[in-house]
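Each protein sequence line maps, in turn, to chains C and L.
Residues 1 to 400, numbered by the numbering used here, are exactly what the first sequence covers, in order.
Residues 1001 to 1231, numbered by the numbering used here, are exactly what the second sequence covers, in order.
To be clear, the hints were calculated from the coordinates, so they are not data collected in a lab.
Because the structure is a prediction, the values reported are computed rather than measured.
It cannot be assumed that every hint is accurate.
Covered by chain L, according to a simulated footprint, are these stretches of chain C (three or more residues, beta-carbon under 8 Å) [as the list claims (entries may be wrong)]:
no., stretch
1, 278 to 289
2, 319 to 333
Some, not all, of what chain L presents toward chain C, calculated at C-beta under 10 Å [what the hints assert, rightly or not]:
no., residue
3, Ser1075
4, Glu1088
5, Leu1099
6, Leu1147
7, Leu1188
8, Ile1216
All C-beta atoms in this analysis are idealised placements derived from N, C-alpha and C, irrespective of residue type, glycine included.
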Amino acid sequence: MNLAVRDILRHRWRFIQTSVGLGLLIAVVMSMGGIYRGLIADATVALTSTGADLWIVQKDTEGPFAAASRLPEDAEYRIAAVPGIAQASGLSFQNMQVSRFGKPLRFFLVGYKLNGLGGPPVIVAGRGIRQQHYEMVVDKAMKIELGETLKLGLNHYTVVGITKGMASVAGDPFAYVTLANAQDIQFKTDNDAIRNSRARIAQKMSQVATLSPAQITQLTPLVTEIAVSTHMVNAVAATLAPGADLKEIQESIQRWNHYRAISTAEQEKILTSGMIQKSKMQLGLFRIILLTISAVIITLIIYTMTMEKTRVIATLKLIGSPNKVVAALILQQSLLIGLIAYVIGYVIVSATYDKFPRRVELVAFDLEALFAIVMIICVLSSLIGVRKALKVDASQALGG
Amino acid sequence: MHAIEVKGLTKIYGKGHTEVVALADASLTVSPGELVAVIGPSGSGKTTMLTTIGLINEPTRGLVILDGITVVDGSWVPGLDLKRIRRERLGFIFQSYNLIPFLTAVENVIVALNLNGVRGKEARMRAVELLDKLFLGSRLKNYPTELSGGEAQRVAIARALANRPKVILADEPTAALDTDNGKNVMELLKKLAVEHNSAIMVVTHDSRMVEGFDRIFEVHDGRITHEPVRT
């Protein structure tokens, strides 16, 4: 007969209440671990889903995700010509916020070439983009229906497909349009701005003494066109040909093309140890604080339970119970509370993780490690109770 | 052979000017099957006598032999497993029953058997048999809070008897019971002393409850003041 189990069964509602409270705390610790993993997944999902080996960005920047980067669109062709490069595609990235039904809608807009790299990795509903203009694919998390239209920049875009699991470092879901559309959205100015630009260029040219009025009239539209050109990308993603030397290609691009070539591994490091470092530390600190609180709570519960059982323990000792029976009673109860609380925490997180606004990734290793930590906390917490129980004098069972 | 043999048992608390002699030079013997009472007012030393004989309190000096085993010779005999002696050879009955609240009546008896290595069906069978004898066959699955005072004390008696001890020590077993229930419990103890051939020592302050006991020891200020009275 197991005394710890019998006690728990007799006072099951009290134990369940205690375990639910503790379980909620463990659920928070568990979800924070999931959010931490989600942060890393969000930070790297764009890299992994693109399948690129190299990211070519503006010189002296850490773009396109961690810093601003701009390259001419035709850089793609120069990169594609580098020996060892299998494929190169210009990509555009931008954070966007539009108003939808009076509420702000944030997302991370990716512009890609239809037969290039960087498109939606999976389509869960509808289809991929087929037309060069005014179609878009959105992540499921944006909660936009197929066929709905969104006004981005100067034009309306129809949602033709839904992807899933794609989010930026900031947790904003991805939306995809063609590169040409993304360039329009990001760089194209409206007619007023073009007129202003043209007037400013004409005015600047008029200050050049060697230009005649006729030349200024002819040159102004040409210069304006170059000034308001949208043929820019934020990065060129490239894959390597089999057997190509990554380092060699990186050095070659940096020396001859004057761009920075960042390997996917380096890009991952930039994202995880730079952009989300503080969030990681914050979450880690919260987890430590919450685990400490859990430890204190378990210790208090076990200590209180031991104090309440002083007479039972004294009686057991008086009728000849060895110390190990008394210690096992306390330790097993502590472990059972921890186990029940862990299961409750796991059930809560499993039932709710997909409803969190940000990605929560439950990794088996994290769950196992947390389970081990909870069990260790239970053992350590019970030590005070066990010490107290072993100090209880058998004579305390006597008297009224 | 006596079940309990006590010679010159003394317990002194504190030292110097704080010294209190709780038990002074007590000597007595109790034979198997004999029911004896130790009576006296509060603070007279009767519980100290019970706890020193029951291996809970280490005496200052004296000799105690329980069921043929010398357990105290000046002090506790070194190398003896006192807990083992308590669970194998002694049974305890308490004033407030001290049943384990989260165990049913039958489980409260089984726990004592389990401690002595009797497990499973055998433990359950013996516990049920004992409780049946004590007219508790219909209360096996009741928790202590669901039992009357008299029933709870009978469960406690069953627990004390579970391992067939040669010595049963009872500390004010009727103090929490009304007169009728108290008398019933004492009658039961008398019967069990003979049936189980156990020596039963009952400590009580209520001299009305010891009617029919084989012998009565009266304790005052730590001393047995009167020769045992055979009732």
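Hint check:
1. A count of 0 residues in the stretch 278 to 289 of chain C with a Cβ less than 8 Å from any Cβ of chain L is obtained; the coverage claim is therefore unmet, three being the minimum.
2. Restraint check on the stretch 319 to 333 of chain C versus chain L: 5 residues with Cβ-Cβ distances below 8 Å, three needed, restraint holds.
3. At a threshold of 10 Å, the smallest CB-CB gap from L/Ser1075 to chain C is about 17 Å, leaving the interface hint violated.
4. Checking L/Glu1088 against chain C: minimum C-beta separation of about 7 Å stays under 10 Å; hint holds.
5. Here the hint on L/Leu1099 is kept, as its CB sits about 8 Å from the closest CB of chain C, short of 10 Å.
6. The beta carbon of L/Leu1147 is not positioned within 10 Å of any beta carbon in chain C (closest approach about 15 Å), and the interface hint is therefore violated.
7. The restraint placing L/Leu1188 at the interface with chain C is violated, with a minimum CB-CB distance near 19 Å, outside the 10 Å limit.
8. A least Cβ separation of about 21 Å between L/Ile1216 and chain C goes past the 10 Å threshold, and the interface hint is therefore violated.
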